[in-house]
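J.: Spelled out, the chains give:
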Amino acid sequence: MTDFSADSILVLLDATPSGKLANSAAELLGAAGTIGTPIALIVGSAQLAEDAANLGAATVLVAEPGDGLTIPTVDALAAALELVRPDAVLVAHSVEGREAAARLAVRTRSGLAVDAIGVSRDDEGVVAHHLVYGGAYSVTSAVTFGVPIITMRQGAINARAEAAAPDVRKIDVTASGKPAASIDSVDAAVIASTRPELRGAAKVVAGGRGLGSAEQFALVDRLADVLGAAVGASRAAVDAGYIAQSHQVGQTGVSVAPELYVALGISGAIQHRAGMQTAKTIVAINKDADAPIFEIADYGVVGDIFTVVPQLIAALEAKK
Amino acid sequence: MKIVVLVKEVPDTYADRKLSLETGLAKRDGGENVLDEIGERALEVALSYADKHPDTEVVVMSMSPATAIATLTKGLAMGAASAVHIVDETLLGADLGLTAEVLASALRKKGFDLVVAGNLSTDGSGGVLPAMLAELLEVPAATALSTVEIDEHRVSGTRASDSATMTISALLPAVISITEALPDARFPSFKGIMAAKRKPIEMLSLAGLGVDAERPDGARSIIIDITEKSARKAGVKITDQGDAGEKLAVFLLENRLA
Ligand SMILES: Cc1cc2nc3c(=O)[nH]c(=O)nc-3n(C[C@H](O)[C@H](O)[C@H](O)COP(=O)(O)OP(=O)(O)OC[C@H]3O[C@@H](n4cnc5c(N)ncnc54)[C@H](O)[C@@H]3O)c2cc1C
Ligand SMILES: Cc1cc2nc3c(=O)[nH]c(=O)nc-3n(C[C@H](O)[C@H](O)[C@H](O)COP(=O)(O)OP(=O)(O)OC[C@H]3O[C@@H](n4cnc5c(N)ncnc54)[C@H](O)[C@@H]3O)c2cc1C
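One line per chain: the protein sequences are P and Y, in this order. Just so we're aligned, residue 1 is where the first sequence starts under the numbering used here, counting upward by one. Just so we're aligned, residue 1001 is where the second sequence starts under the numbering used here, counting upward by one.
I should point out that these hints are in silico values taken from the structure, not numbers from a laboratory. A virtual CB, placed ideally from N, CA and C, is assigned to each residue, including glycine. Be careful, since some hints might not be right.
What the hints assert, rightly or not - Pairwise CB distance ranges, derived in the manner of DEER restraints:
(1) Y:ALA1081 / P:ALA214: 36 to 44 Å
(2) Y:THR1023 / P:LYS320: 49 to 57 Å
(3) P:SER213 / Y:LEU1025: 39 to 47 Å
(4) P:GLY146 / Y:GLU1228: 28 to 36 Å
(5) Y:LEU1025 / P:ASP7: 27 to 35 Å
(6) Y:GLN1241 / P:GLU215: 24 to 32 Å
(7) P:GLU82 / Y:THR1023: 31 to 39 Å
(8) P:ASP184 / Y:GLN1241: 54 to 62 Å
(9) P:ILE171 / Y:ILE1193: 40 to 48 Å
(10) P:GLU82 / Y:ALA1195: 49 to 57 Å
Produce the complete structure using the sequences and hints provided.
T.: Written as structure tokens, this is what we have:
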């Protein structure tokens, strides 16, 4: 017997090592709210339950964390699935989230849909929407039967759910005993920057190999600050050590879809475009008039970034 | 030690990749197909361990169309001792769940101390398969590693997840997945290419693996709709005459982007 509503959507909320809900929480609960009643699962501190309710969770299930990588989360998800019997399970497409979702799908023989940018219902249940090959195709996927387990791309969902009164319940989890890797040490990622986060940012200024050095990459930061934008980079810039990998935009980095994307000294290789070509407005500055980035730029400047960008910054500052 | 490296054949990302609007499947006939770059890096991890430990056996394994032999041969030319190619017509359009069942069953059949996979393929880019395999094989998974250390009993490394960097480890047998932070793969030498011609490629079918692509008790993920977005067009392109920064500022301000 359960008293969960018939249209329940179970949502796994990631917690950060510093003990907060991950940014994806608001998006996941928002997406769940568009198709049913969001029921949150937190593996960890009950203190986060109130935050989850504020973000729209009608009920917050709290499970004790266990030892080892991912397995305790999967065990808790399996217990919550049994208890809630939801119409779908939504999980962030973070490294942690997607692996938990993947294991849950294997364990419960459920269908798995990954990297969705939205969810909706059709006559037969919850379906997932995806952008494939860098946004060249929109694909809708469904599962043949049962509860779909769906991972959601971070920074892709604008819907937000209304705050709910906290209804918090502890749940008991039976450990599966599946072998897990052990976590020997953890360094919380230091977010020293006051700039917007790349995922979900409204504006992104990205730099490539054309910046030439880590010191000169500061030009990207300066323009980003004037525009209130997040900082992105090409893989070549990451490989050259100009900036950390978490800023990489593209096929094997972050996918962004901002209002404005400014590409500085980036040639526009297809793998880079795969992560940014759905931006509303694309601006590119490159000294090579034949650089492929110009094929998709709304406003292209053939010129040297080290003269054009300082002039742009000065002009923008003058107008403010 | 026996290391099995999982490699996927993918459409070349340097070309335009196409999906069939009828089936939603990747069009594999049109463009060039290649050994996924992350799979090459995974193979490099195994080969550089084998360089230092000559009693290591490195096997490359792929579930791919019959035409993918060339990518497996490349793995052999780079230095793997043998290859396993899982080919079956019923695997066309396999979802993640079926892909995982098939690979897990082949891994069980061949045996392994360590399975090395990429963290993320460049076409499906699900980033989930290694975790699914570990769940099926009941072995630990040390995934998303940007550094790897292997010894006889244990594998460890640095895992960069979304909000933290951690050091993790697992006892063997285990599955690991690696990120593109690890080094580029070596090029096949001429000697390697010649030697590859004599190395064994074992073919496995679903019947041989005891996997039923249409088993009724497992749910599958299917594509129910697909549309192609119209390609983006180029807009204005100016060449800097000394005032491009100012012109760009006007463009941004007029469009309320600054
Ligand atoms: C499997 C795979 C996955 C990949 N994933 C990604 C990914 O996720 N993201 C990604 O970005 N790449 C990815 N790549 C790499 C990609 O193919 C390119 O190598 C990379 O994007 C190139 O980066 P870049 O444009 O900074 O460098 P380059 O291609 O070297 O371009 C530098 C540009 O800067 C311009 N320039 C130089 N100096 C100046 C100046 N003073 N003023 C103006 N312009 C200047 C040059 O004209 C040139 O166009 C991937 C590749 C593979 C094979
Ligand atoms: C729109 C769409 C169309 C698709 N069309 C096709 C299609 O035409 N043909 C097709 O085969 N699949 C297709 N797939 C499915 C998808 O590519 C498979 O599920 C895939 O085999 C595994 O998913 P992934 O590439 O996301 O794996 P990931 O989890 O990203 O892969 C991680 C690692 O697992 C290993 N790995 C993954 N797949 C294999 C494999 N097959 N053999 C060996 N090692 C592997 C590699 O080491 C890889 O680096 C499609 C998916 C979508 C969304």
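J.: Sort out which numbered hints this structure fails and list those numbers smallest first.
T.: Those not satisfied come down to hint 9.
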